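Protein chains in written order, with the numbering used here: chain A, 1 to 204; chain B, 1 to 204.
One should not assume that every hint holds.
No copy is singled out in the list; a pair is fine if it fits within one copy or between any two copies.
[Stated by the list, open to error] Subject to a maximum C-alpha distance of 20 Å in a straight line, what follows is the list of computed EDC-like cross-link-like pairs (lysine to aspartate or glutamate):
1) 57 - 187
2) 136 - 99
3) 57 - 38
4) 57 - 14
5) 57 - 70
6) 57 - 90
7) 57 - 28
8) 57 - 78
9) 172 - 91
If you are wondering where the hints come from, they were derived from the structure by calculation, not from laboratory data.
Every value quoted in this text rests on a predicted model; they were computed, and no experiment measured them.
2 protein chains.
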Amino acid sequence: MTQLLPAALLRAIDELGRLPGVGARTAERYAYYLLRGDQHIAQKLARTIAELHSGVKTCPVTFALIDASEDISKLYSDPSRNKQLVAVVEEPLDIIALERTGQYDGTYHVLGGAISPIDGVGPEQLHIPELLARLKADQVEEIIIATNASVEGESTALFLQRFIQENGYEVKMTRLARGIPVGVDLEYADQITLSHALEGRRIL
Amino acid sequence: MTQLLPAALLRAIDELGRLPGVGARTAERYAYYLLRGDQHIAQKLARTIAELHSGVKTCPVTFALIDASEDISKLYSDPSRNKQLVAVVEEPLDIIALERTGQYDGTYHVLGGAISPIDGVGPEQLHIPELLARLKADQVEEIIIATNASVEGESTALFLQRFIQENGYEVKMTRLARGIPVGVDLEYADQITLSHALEGRRIL
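Go ahead and model the full structure; you've got the sequences and the hints to work with.
Shown next as structure tokens:
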């Protein structure tokens, strides 16, 4: 079969197809959209992608994503944030989810993933030593282990809890409540979630 | 709320969110994937997107997408293709779908859309005059109207059929068969498809 599409279009489809969850058809649709639209839309997208790495760096204390021009995360340096309260999350984007609640005034610590033997991620790949350093330096009183509610997230939470205790740190450790999400009918809640909701029931 | 993400990341999320069917969460996921991965993956994607418009042009005869270095679509200039048979499609990518069948040796004509009053697309926006010119120049014997099986596609097919007749061109016009897709159970076929399948039934 002869080559049916222009080489430049095929290259764009190939590269767009590397994005997570994007198959060949979706990549074709994206590329064709960019090709059909005004040239400056494609140019602007290209420029923002090209400047992504140079414009972003990782905070050396919290491992949140920060502007390349910043030294430290504003969510840490802001004096109104309680440094003695640390929410430990897996990924930088998890911070946004917690910030959107408007209910949290502590600081964050991004682990950079979760323990997952299948993916070859052990505790040594995560920012755990840096967390221990913060416990001392900031006299942390409470760690909220806000890893995902997945097997990996739970293992990581358990590991962290033990590791911090074994290293002789006395700090209150909490975990986000598991229960029935707002707006979900009881009959649609899965067994495990429902067990958690029972266990964590509160006095009215 | 202070700005939670680096400006460069926000810009990339914004631009990725313009892709068709991509919401804020998906755009965040794409941007974070590019940021987390090796820098040259992002650079390569940026380059291919930036070079998309300059590397691709439209064939002046068939309106298929061709390399900027080409004069005319290979699917037209190839002497083994039957120029007296023309498949009329809405979009350039429809050509790939037909070519993948390996059953077609005619040429193509891309309309550049379908008639859709809601979207403000009338016949005058489509490459219909150029199709009429080909009918004469190539002594076309059959036009396969291969527009989509949507309301717009059907309207366009009907319009084309009448327009060509009214302009005094005597040419056989056909439409792709409608029926039950291979592998689909009768009980899952919708009413209209099933009606088409009944109408178009074949003697065994």
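Q: Indicate which option fits the pair residue 57, residue 90 if close means a Cα-Cα distance not exceeding 20 Å: within, between, both or neither.
A: Answer is within: at 17 Å inside a copy they meet the 20 Å cutoff, but 45 Å across does not.
Q | Copy assignment of residue 57 with residue 70, given that the CA separation must stay at most 20 Å | A | Close inside one copy (8 Å), not across copies (43 Å); limit 20 Å.
Q) Between the shortest in-copy and the shortest cross-copy C-alpha distance, which are at most 20 Å for residue 57 and residue 14: within, between, both, or neither? A) So residue 57 and residue 14 pass the 20 Å test across copies only (19 Å; inside, 27 Å).
Q. Can you tell me if residue 57 and residue 38 fall within 20 Å by alpha carbon in one copy, between copies, both or neither?
A. between (31 Å within a copy, 13 Å between copies)
Q. How do residue 57 and residue 78 come out at 20 Å by Cα distance, when the copy is not named: within, between, both, or neither?
A. Answer is within; shortest intra-copy Cα gap is 18 Å, inter-copy 52 Å.
Q. Is the C-alpha distance from residue 172 to residue 91 at most 20 Å within one copy, between copies, in both cases, or in neither?
A. Close neither inside one copy (22 Å) nor across copies (61 Å); limit 20 Å.
Q. Under a CA distance limit of 20 Å, which applies to residue 57 and residue 28: within one copy, between copies, both, or neither?
A. between (32 Å within a copy, 16 Å between copies)
(Q) One pair to classify: residue 57 and residue 187, alpha carbons no more than 20 Å apart. Within, between, both, or neither? (A) This pair counts as neither: shortest intra-copy Cα distance 45 Å, inter-copy 56 Å.
**Q.** Homo-oligomer pair classification [residue 99, residue 136; C-alpha up to 20 Å]
**A.** This pair counts as neither: shortest intra-copy Cα distance 25 Å, inter-copy 66 Å.
Going down the numbered hints, you'll see the structure goes against 1, 2, 9, while the others check out.
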